[in-house]
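Residue numbers (the working numbering), protein chains in the order written: chain A, 1 to 163; chain B, 1 to 168.
There's no promise every hint is true.
[Claimed, not checked] Okay, derived cross-link-like pairs now, DMTMM-like style, lysine to aspartate or glutamate, Cα gap no bigger than 25 Å in a straight line:
no.	chain 1	residue 1	chain 2	residue 2
1	A	K151	B	D63
2	A	K92	B	D42
3	A	K159	B	D166
4	A	K9	B	D165
5	A	K105	B	D165
6	A	K14	B	E138
7	B	K6	B	D61
8	A	K9	B	E100
9	A	K97	B	E141
Because the hints were derived from the structure by calculation, they are not lab data.
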Amino acid sequence: MANELLAKKVISLKLAQRIAVRRVLKEFAVLIPELVKARTILGGGLTGSLPNLKPSTIRNRTRYSTNLSSDTSPSESNLTGTGQLLNAIQAKVTEGKIVVTVNTKKRKNELSGAKGKLTNNEVRKYAEDAGFNFFDLTTDERQELIDLAEKIIIDEIKKVFST
Amino acid sequence: MQMKTKINVPSSLNATQRRELAIDIILYIQERSIEGRDKHEDKMPKYNKDYAELKGVGVNDVDLTDSGDLLSSITLLDSSTGSITIGFPKDDIELNGKAEGNIKGTYGQSSPIKGKQRDFLGIDPTVLESFMNNVDNERPEITNADIEAAARQSAREIFGDIEFDDGE
Numbered sequence: 001m002a003n004e005l006l007a008k009k010v011i012s013l014k015l016a017q018r019i020a021v022r023r024v025l026k027e028f029a030v031l032i033p034e035l036v037k038a039r040t041i042l043g044g045g046l047t048g049s050l051p052n053l054k055p056s057t058i059r060n061r062t063r064y065s066t067n068l069s070s071d072t073s074p075s076e077s078n079l080t081g082t083g084q085l086l087n088a089i090q091a092k093v094t095e096g097k098i099v100v101t102v103n104t105k106k107r108k109n110e111l112s113g114a115k116g117k118l119t120n121n122e123v124r125k126y127a128e129d130a131g132f133n134f135f136d137l138t139t140d141e142r143q144e145l146i147d148l149a150e151k152i153i154i155d156e157i158k159k160v161f162s163t
Numbered sequence: 001m002q003m004k005t006k007i008n009v010p011s012s013l014n015a016t017q018r019r020e021l022a023i024d025i026i027l028y029i030q031e032r033s034i035e036g037r038d039k040h041e042d043k044m045p046k047y048n049k050d051y052a053e054l055k056g057v058g059v060n061d062v063d064l065t066d067s068g069d070l071l072s073s074i075t076l077l078d079s080s081t082g083s084i085t086i087g088f089p090k091d092d093i094e095l096n097g098k099a100e101g102n103i104k105g106t107y108g109q110s111s112p113i114k115g116k117q118r119d120f121l122g123i124d125p126t127v128l129e130s131f132m133n134n135v136d137n138e139r140p141e142i143t144n145a146d147i148e149a150a151a152r153q154s155a156r157e158i159f160g161d162i163e164f165d166d167g168e
């Protein structure tokens with residue numbers, strides 16, 4: 001009898017969790033790209049600050065400073081020039097998973113104003129090869145999201161059982 | 001308009017039994033809707049192409065879950081001898097509107113859109129009967145500690161379901 005009750009408890013909780021988890025996945029699909037973007041704009045990479053920009057890059061960014069996004073400045077290392085790369089981060093819930101990608105659309109234009117030839121994902125790869133690792137969650141971000149997920153799931157399950 | 005449904009139950013059920021039955025029914029409606037079936041156990045009409053694309057699913061993947069608010073907000077509204085009423089809180093206009101759109105198939109229009117009715121708020125009499133048969137059985141007590149432990153585990157499992165796809 002005790003086992004039967006335990007089994008019932010597990011089944012009831014699993015059912016209530018199913019809706020809650022869906023809700024978390026939907027919310028996180030919006031939140032995660034925003035989180036990565038916000039951290040990167042502040043100059044944060046996956047394991048600390050993003051590397052400093054090379055003097056030649058700063059010179060180039062100074063030259064085209066009128067084309068720079070308002071989220072950056074010529075010497076600021078935050079993977080933001082025109083702002084296209086970070087705005088290209090997107091996430092979708094597919095088959096119960098969140099898949100985060102950088103879109104593979106050709107960029108509209110480059111900082112110099114020239115017509116873009118690369119896709120945003122190619123620019124991501126280029127940046128990461130140069131040591132600008134940003135495209136993932138940091139340990140702290142993961143923990144914050146786990147805590148948030150836990151809170152959402154508790155609230156959702158309680159909604160059912162406090163009926 | 002408040003969306004609710006009154007379900008007749010044996011008048012021999014006491015308040016605790018009606019509450020437990022209501023939880024069983026609500027969980028069942030959530031589960032059944034996620035699986036794309038309506039209150040008659042029939043498959044719900046598929047999504048239109050544009051909506052499915054926006055939602056990132058196939059047209060046949062009907063689950064009435066966008067934010068998850070709709071299904072998770074179904075609650076026991078009233079319990080009295082011989083009946084329970086489940087549905088959406090009266091003061092939540094947005095949720096009731098969303099529910100009405102699905103149940104009547106109106107989706108913001110004044111009249112129903114043909115073939116788009118997804119009436120999820122209710123339960124097939126045969127299924128209800130199977131729940132009634134369990135009413136007298138002993139129920140497990142679900143404590144806050146049980147809920148917190150389940151949530152902790154789920155929250156960690158979700159992180160196995162997040163993938164950063166570099167497209168390579």
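Here's how the hints hold up against the structure:
1. Simply put, K151/A and D63/B have alpha-carbon atoms about 23 Å apart, close enough for the 25 Å limit, and the pair holds.
2. With a C-alpha separation of about 28 Å, the suggested pair K92/A and D42/B falls outside the 25 Å cut-off, and the hint is violated.
3. Under the criterion of a C-alpha separation no larger than 25 Å, the hint pairing K159/A with D166/B is inconsistent with the structure, at around 38 Å.
4. Between K9/A and D165/B the CA atoms are separated by roughly 37 Å; this puts the pair beyond 25 Å, and the hint is violated.
5. Among the hinted pairs, K105/A with D165/B is consistent with the structure: their alpha-carbon atoms are about 15 Å apart, no more than 25 Å.
6. Taking the CA atoms of K14/A and E138/B, the gap is near 19 Å; set against the 25 Å cutoff, the hint holds.
7. The suggested pairing of K6/B with D61/B is violated, with an alpha-carbon distance near 29 Å, which exceeds 25 Å.
8. For a cut-off of 25 Å, the pair hint linking K9/A to E100/B is broken: about 32 Å separates their Cα positions.
9. At most 25 Å may separate the alpha-carbon atoms for a hinted pair to count; K97/A and E141/B exceed this at roughly 32 Å.
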